[in-house]
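Participant: Chain A is fixed; fit chain B onto it per the hints.
2 protein chains.
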Amino acid sequence: MKQNLIRACTFGLLLLLASGLVNAQSADSLPSWNDSASKQAIIRFVEEVTTAGGPGFVQPAERIAVFDNDGTLWSEQPMYFQLAFALDRVKVLAPQHPEWKEKQPFKAVLEGDMKTVLAGGEHALVELIMATHAGNTTEKFAQTVKDWLDTARHPKTGRPYTDMVFQPMLELLAYLRANGFKTYIVSGGGIEFMRPWAERVYGIPPEQVIGSSIKTKFELRDDEPVLVRLPEINFIDDKAGKPVGINQHIGRRPIAAFGNSDGDLQMLQWTSAGEGARFALLVHHTDAEREWAYDRKSSIGRLDKSLDEAQAKGWTVVDMKKDWKVIYPFE
Amino acid sequence: MKQNLIRACTFGLLLLLASGLVNAQSADSLPSWNDSASKQAIIRFVEEVTTAGGPGFVQPAERIAVFDNDGTLWSEQPMYFQLAFALDRVKVLAPQHPEWKEKQPFKAVLEGDMKTVLAGGEHALVELIMATHAGNTTEKFAQTVKDWLDTARHPKTGRPYTDMVFQPMLELLAYLRANGFKTYIVSGGGIEFMRPWAERVYGIPPEQVIGSSIKTKFELRDDEPVLVRLPEINFIDDKAGKPVGINQHIGRRPIAAFGNSDGDLQMLQWTSAGEGARFALLVHHTDAEREWAYDRKSSIGRLDKSLDEAQAKGWTVVDMKKDWKVIYPFE
Chain A
0 MKQNLIRACT FGLLLLLASG LVNAQSADSL PSWNDSASKQ AIIRFVEEVT
50 TAGGPGFVQP AERIAVFDND GTLWSEQPMY FQLAFALDRV KVLAPQHPEW
100 KEKQPFKAVL EGDMKTVLAG GEHALVELIM ATHAGNTTEK FAQTVKDWLD
150 TARHPKTGRP YTDMVFQPML ELLAYLRANG FKTYIVSGGG IEFMRPWAER
200 VYGIPPEQVI GSSIKTKFEL RDDEPVLVRL PEINFIDDKA GKPVGINQHI
250 GRRPIAAFGN SDGDLQMLQW TSAGEGARFA LLVHHTDAER EWAYDRKSSI
300 GRLDKSLDEA QAKGWTVVDM KKDWKVIYPF E
Chain B
0 MKQNLIRACT FGLLLLLASG LVNAQSADSL PSWNDSASKQ AIIRFVEEVT
50 TAGGPGFVQP AERIAVFDND GTLWSEQPMY FQLAFALDRV KVLAPQHPEW
100 KEKQPFKAVL EGDMKTVLAG GEHALVELIM ATHAGNTTEK FAQTVKDWLD
150 TARHPKTGRP YTDMVFQPML ELLAYLRANG FKTYIVSGGG IEFMRPWAER
200 VYGIPPEQVI GSSIKTKFEL RDDEPVLVRL PEINFIDDKA GKPVGINQHI
250 GRRPIAAFGN SDGDLQMLQW TSAGEGARFA LLVHHTDAER EWAYDRKSSI
300 GRLDKSLDEA QAKGWTVVDM KKDWKVIYPF E
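Chains A and B are the protein sequences, given in the same order.
Note that numbering that gives the first Met the number 0 has the first sequence beginning at 0, numbered continuously upward.
Note that numbering that gives the first Met the number 0 has the second sequence beginning at 0, numbered continuously upward.
No farther apart than 25 Å at their CA atoms in a straight line, the calculated lysine-lysine pairs in the PhoX-like style are these: (1) Lys216/B to Lys304/A; (2) Lys216/B to Lys312/A; (3) Lys214/B to Lys216/A; (4) Lys312/A to Lys238/A; (5) Lys238/B to Lys139/A; (6) Lys324/B to Lys38/B; (7) Lys90/B to Lys100/B; (8) Lys139/B to Lys216/B; (9) Lys155/B to Lys296/B; (10) Lys145/B to Lys90/B; (11) Lys38/A to Lys320/A; (12) Lys214/B to Lys238/B; (13) Lys216/B to Lys214/A; (14) Lys145/A to Lys155/A; (15) Lys238/A to Lys214/B; (16) Lys216/A to Lys238/B; (17) Lys312/B to Lys216/A; (18) Lys304/B to Lys216/A; (19) Lys238/B to Lys214/A; (20) Lys216/B to Lys238/A; (21) Lys214/B to Lys214/A; (22) Lys238/A to Lys139/B.
Restraint-style ranges between C-beta atoms, simulated for each label pair: (23) Asp318/A to His122/B: 54 to 60 Å; (24) Asp146/B to Gly53/A: 29 to 35 Å; (25) Glu47/B to Gly202/A: 27 to 33 Å; (26) Ala60/B to Glu98/A: 41 to 47 Å; (27) Val125/B to Asp146/A: 41 to 47 Å; (28) Gln142/B to Gly157/A: 52 to 58 Å; (29) Gly119/B to Asp307/A: 48 to 54 Å.
Heads up, incomplete: computed chain B residues facing chain A, CB under 7 Å, no partners named: (30) Thr137; (31) Arg194; (32) Pro205; (33) Thr215; (34) Pro224; (35) Ala239; (36) Pro242; (37) Val243; (38) Asn246; (39) Ile249; (40) Gly250.
Calculated directly from the structure, the hints in this document are not laboratory data.
Ideal placement from N, C-alpha and C gives every residue a C-beta, glycine not left out.
Just chain A, with the same shape it has in the complex (with noise of 0.2 Å):
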């Protein structure tokens, strides 16, 4: 009896989705888009993929869409939040190193001069991340991020951190999902900074999180097995990066991919260059009001070559000012 139940129920469902009468998520899933030539190419590519029988149909399996994380699924002015982060661990941390006091860049985040810090380039900035993200285990680390989230404010706008995401972008997540899509983070930012938070923030689990990293080592403390995190880089989830990040977590060409700047150059080649149906899409922050307006010579997020071979292939460039109604959610 009650097999017969299922049985009718499934088959009435699959009647109607072959029909067609059930269109998964249609048009009005995306309302915070205007209806500009972005948004028709993104409900353009959906209905391609998704149409059973049509040329550009793609199992289900294969619908694997990517997603750089700064500037692209939330803001990244006027430095990486996770930058942000880690200057005040330094300052956390400080009382247990008195040596901070003479050493830099160490000296220059706790007297303020961010001149300083950023005048000692990457290799400054390697040294901060080493300082404030190793020494600990993973999951102390993960406490250590969501305490930071539950009280830091973003200097410009007084929110928290995970409130400045893009609500077009949430849309778009939600509008491929829906679309049978398995959406995946691929950000130059640090994989355990993004885990904590992602899945409550953009519905992306951990484990389709893929981020740079470094080095964790297995240990049995008094008995008990930790993962302590290392001083040392494993992985720079960034430009060509991004390719080989995709492959070794995913194993497959993803179909359609979301960046924002030339360290998503790579990642939007790979996926674009696939057989079939693709999508590249980028974000370009146009908008010096509602959020921030920088491109070709910016340090943060430059958006420069990604640019002109966005122009050359036919890429979405998406114009923030103009597309998206509004930015944020609590907008």
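Facilitator: Same frame as chain A, now just chain B:
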């Protein structure tokens, strides 16, 4: 109209599920298992973590189960199947490497002198892996693996290697998935060696395969992006590397782990030390007639420390000979 039909059907199915009339999968999902303590322990654990409202209930998203591959899901004698692949590749590639005729360990491979090959120890094996697994693109390598599996035959059974998977473990994988588990491979074997067939054979998609790897490099070749496999170790997913690989790929601690050797010890420790209901199982190769019998003194798949720890901690130990009605699907 269609909305109402969908709602009614969904509601009806939910009611059936909630009323317990539909049990996801029960004991007879494991028909190749004798009704032993091992089988009962598996079923007890699955019922515990899936009983809504019960003390051991685990949300589906956290139902992560990790499986070693060699010796746990398929056989590993008389040598790891990936080593058989590497040896065959040496023979295929030899015409392009005339120097191999005089150079160990290649010379010994070409002469069929396995004693000398194995006498070279780990260093010789790494050399063989590098020479046969690197130098190509990721896509060409996947095709090479598939082509080899189509034609290679196991020296004892004369069967394709992918036939030599354990029927009881296939049932266990399906049983766990039917109960909301996500099943992962966590193997010392090569991640790119397993991915091309793991979905077809085990129902495990590429993004749920974790293994050892060599480095890859993104390149544009005539404007075509490729990932090239380099002769350089990236990660060894064995022993203390297994929890590291699990954390890197999944970012959650599994609640169930399945292995067969000392290479799985840390994975089982890491898994079983988490909070709440946990399950750890070892496959003990005790059946010299239908498969192989080996444990504490075997150079392949040595089971010594893990066996002691299983006894001390009450982990489940499968006695292949007594617990499994059949070994392989083709029996």
